[in-house]
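Number of protein chains: 2
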Amino acid sequence: MLNLHLTDRSALPAYMQLYTQMRDQIRSGGIPYGMRLPSVRSLMQQLGTSKTTVESAYHMLLTEGYAVSRPKSGIYAANPFGASQPAPPSAGTDRTLSGPLPKGPAEEAHRIDFRPSAVDAQLFPMRSWRKMLHDTLDRSGEKINKYGDPQGEYAFRTVLADYLRNSRCVVCVPEQIVVGTGIHYSVGILAKLFAGIGRIAFEEPGFAPVREHFNQYGFRIEPVPVTEKGISVEALEQSCAEAVYITPSHQFPTGSVMPYPERERLLRWAQTKNAYIIEDDYDGEFRYSVKPIPSLQGLDRDGRVIYIGTFSKVFTPALRMNYMVLPLTLVEKMNNVNYLFDGPSRIDQWAMQSFIEQGHWYRHIRRMRKTYGKKHHRFIGLIRDYLGEHVRITGHSAGLHIQLTVDTNRTSGILVERAAAEGVKVYDLQEMWMKPVPSERPQIYLGFGGVSEQQMEEGIVLLKKAWEGLWEEA
Amino acid sequence: MLNLHLTDRSALPAYMQLYTQMRDQIRSGGIPYGMRLPSVRSLMQQLGTSKTTVESAYHMLLTEGYAVSRPKSGIYAANPFGASQPAPPSAGTDRTLSGPLPKGPAEEAHRIDFRPSAVDAQLFPMRSWRKMLHDTLDRSGEKINKYGDPQGEYAFRTVLADYLRNSRCVVCVPEQIVVGTGIHYSVGILAKLFAGIGRIAFEEPGFAPVREHFNQYGFRIEPVPVTEKGISVEALEQSCAEAVYITPSHQFPTGSVMPYPERERLLRWAQTKNAYIIEDDYDGEFRYSVKPIPSLQGLDRDGRVIYIGTFSKVFTPALRMNYMVLPLTLVEKMNNVNYLFDGPSRIDQWAMQSFIEQGHWYRHIRRMRKTYGKKHHRFIGLIRDYLGEHVRITGHSAGLHIQLTVDTNRTSGILVERAAAEGVKVYDLQEMWMKPVPSERPQIYLGFGGVSEQQMEEGIVLLKKAWEGLWEEA
Ligand SMILES: Cc1ncc(COP(=O)(O)O)c(C=O)c1O
Ligand SMILES: Cc1ncc(COP(=O)(O)O)c(C=O)c1O
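Same order as they appear, the protein sequences are chains A and B. For what it's worth, my numbering labels the leading residue of the first sequence as -15, then goes sequentially. For what it's worth, my numbering labels the leading residue of the second sequence as -15, then goes sequentially.
Among the hints, a few may not be true.
Any copy, or any two copies together, can satisfy a pair, since identical chains are not distinguished.
As the list claims (entries may be wrong) - Within a straight-line C-alpha distance of at most 25 Å, the following computed PhoX-like cross-link-like pairs (lysine-lysine) qualify:
| no. | residue 1 | residue 2 |
| --- | --- | --- |
| 1 | 56 | 359 |
| 2 | 448 | 275 |
| 3 | 127 | 115 |
| 4 | 176 | 317 |
| 5 | 213 | 317 |
| 6 | 127 | 354 |
| 7 | 419 | 213 |
For the record, the hints were derived by calculation from the structure and aren't laboratory data.
In isolation and in its complexed conformation, chain A is listed as follows (with noise of 0.2 Å):
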């Protein structure tokens, strides 16, 4: 007999009661996944209760998938996330980890995980960060019970126009800064301020994700093939495209920059055509052996460019803030559309300020580069000594992460499962792709901000050893 009863007592009506009871034993494992639960008749007289009270229980379990209903044989007990259950909370979807649908179990850990998007565990600022909100809440008075601006707190918007003036040759006024949660928020900002536009041209291979988003939204996207100089402009110009996102800085996932010539011949497309170029300048803050070149947005005059930044990189992915900078047209679009939109946290923008303002922005990012930049000249010294001349680097001038062809004739998928069952987690271009084409030798890219300098040796020699019979012979 089922541990069940009823009270007079609750402020749930008694099919609830019954309800969340047998659902809690049910999600407990109390009542086990397939045990047959017992007849509406039994229950009815084992709670001396209504039949109504326990077919409305049942009724509910039944919609909500704790139970399934067998003709002819009863009630079961079942498992509703069973096939489809969402990852479990220890596992920290990475959108950029398994391309844009993560689904289905989890997935098993790696010793070693190269991932692209992870960011060095001792860089955070832990005690200046916690004394900036400690010092925020302090001095917040009236303002910590009222709604902000929800473009984002103006005095944080003006300091973020100077750091990006500064630091990215970024070109805007506070009024033309949207503060976001991360570029998924900026997507959706974007969706309504594009209505009336058809097709947007994406980089190929390109940011997964964020393709996705804009198709979710029912643009038309129109890939345009990478070269070793970004996207192809040429491509583009063939295009019919109204838009295009782009990563000139460090082009995801390949790595590759866009030289200042082809951006003065895409900053052209866009005035021609009156279309608009969404810069993503993720990770711009990372240069190696590359000259900064000026932000698009910076090269701009004619208001074609929206650029958008984040502190994922350069500060953490917890906090979700990230930034867009619009053209002044859409500005003015947005101001009479009156797009409503919610933020980040206020109390989080006023610490970033203060952050910025007192100088702990700035000697963090040297530090950043610092340890980013002994890691890169690491990573690349470590490839070169072990995987030799078997492998071919690119895209490493800038940022995170780096491309890797791979001199064999297995695929990518091989390369990535070889590296997986000797503990390694390395990532398949062919996932970027919207429309995979086989290269002529598979690529890898892995990203080095993640993992510490020990785990990185230990990985390459493991890579080392999980390709080591697939290299092609000469």
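Given the coordinates of chain A, assemble chain B with the ligands onto it according to the supplied hints.
The following block gives chain B with the ligands in isolation, referenced to the frame of chain A:
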């Protein structure tokens, strides 16, 4: 001669240096609006630079609105935000304040503001929240550098599910909860999940910003009258709506509470029509003279109700955190299509989880209930004392605002104006109508959450003074 100079040692190209310097001087007032700017030729000479450089800089100033060109006369400095300047930084846009379209110059400051969305300035649990943030950061470990689940931290959602069951009779599993940054975040997700739905019914009058937002997403809005029992289910049954947005615990703005029989009838409508009910339970924690009625979500046996709650009332709107409970069918849809979104900071979610788990939350709510209960009592008392039989108070059995029907043949606009002339801000119910119809007697709504008891008394005394000459003669 303007104070401008170009250098080779800047990261910015010459035209950008020139543009930036001129723009900054225009912004700061160094070059006043309306001042005639030097000709291209004279700037070339002054700076020893090329025609292209000067022309490019002027082109940018003109594009961005920092300069205007008057034919046959020259180029003049201008304020790009002249006419449509967004509200200045300190004003703090409040969405419920001036209706869905807050625009134009900042409102004059009122001495006493009965703003409906305001919360008590003294109640924010500064000490314990600071401690939660502190401890959370301390314990965060590796997680601080990683992306989380875009649907919200799983452990936080588990705690939320428990709270919702205990406190609001909302029955759900964590998989049904989507943590967001506010109601517009939730609306953004619903807009996608509602693909295929054409018409959404709305309370008339109702919460204009949400109505406006659904409208922007392309849904047809069907206004349905509100009675003293909430939305008229009878009228809804006559409509073609496939979904309805309602505030049954305390209708916004009229304040009516939907009784149990109407809830059951509404649920039957949804079941019959396969329609969705969006239940916005924004201030359901605060009840005065009414017994708690379980949320619609808790009564729903068919998975038709979407429940939305917020931390803006019981905690603070500055945090930008809310949550939505989806029926399982929509959870499945969401999982299958992989809707991409960015919720609030993980750190804030962890802190809120601890805040609830450690019992601060329940203590805080008890404290809020007590304070607001007291304020509510005093507010009603003051209105009765000073405005007496000239006004009728309704919608005061729950929440943080009430409705006044005023015994005068003047319009609500006049009442608001007269109040403003005495330095008191009250709110015109007309603004929350989609298609305003003149009511027999003008209606005003006022919040008491954000004013102290002293301000409250002062405000009501001033209202008496403001309206005294307007009473209808008996
Ligand atoms: C290409 C690209 N854009 C943007 C981002 C950052 O997005 P967010 O600001 O939402 O964290 C990433 C993160 O990995 C990325 O790889
Ligand atoms: C009717 C209604 N719904 C919802 C909200 C809360 O929205 P949010 O969670 O975005 O702060 C408010 C705030 O004033 C409101 O009045």
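Hint check:
1. Taking the shortest alpha-carbon separations for residue 56 and residue 359, neither the intra-copy value of 65 Å nor the inter-copy value of 60 Å comes in at or below 25 Å.
2. Taking the shortest alpha-carbon separations for residue 448 and residue 275, neither the intra-copy value of 33 Å nor the inter-copy value of 70 Å comes in at or below 25 Å.
3. Proximity of residue 127 and residue 115 under a CA criterion of 25 Å is satisfied in both settings, with 19 Å inside one chain copy and 20 Å between copies.
4. Within a single copy, residue 176 and residue 317 get their C-alpha atoms as close as 10 Å, and across copies as close as 23 Å, so both meet the 25 Å cut-off.
5. For the identical chains of this complex, residue 213 and residue 317 are neighbours neither inside a copy (33 Å) nor across copies (40 Å), given an alpha-carbon limit of 25 Å.
6. In this assembly of identical chains, the alpha carbons of residue 127 and residue 354 lie at most 25 Å apart only when taken from different copies (23 Å versus 38 Å within one copy).
7. When the C-alpha separation of residue 419 and residue 213 is checked against a cutoff of 25 Å, the pair qualifies only within one copy, where the shortest distance is 20 Å, while the shortest distance between copies is 56 Å.
The structure is inconsistent with the numbered hints 1, 2 and 5, although it conforms to all the rest.
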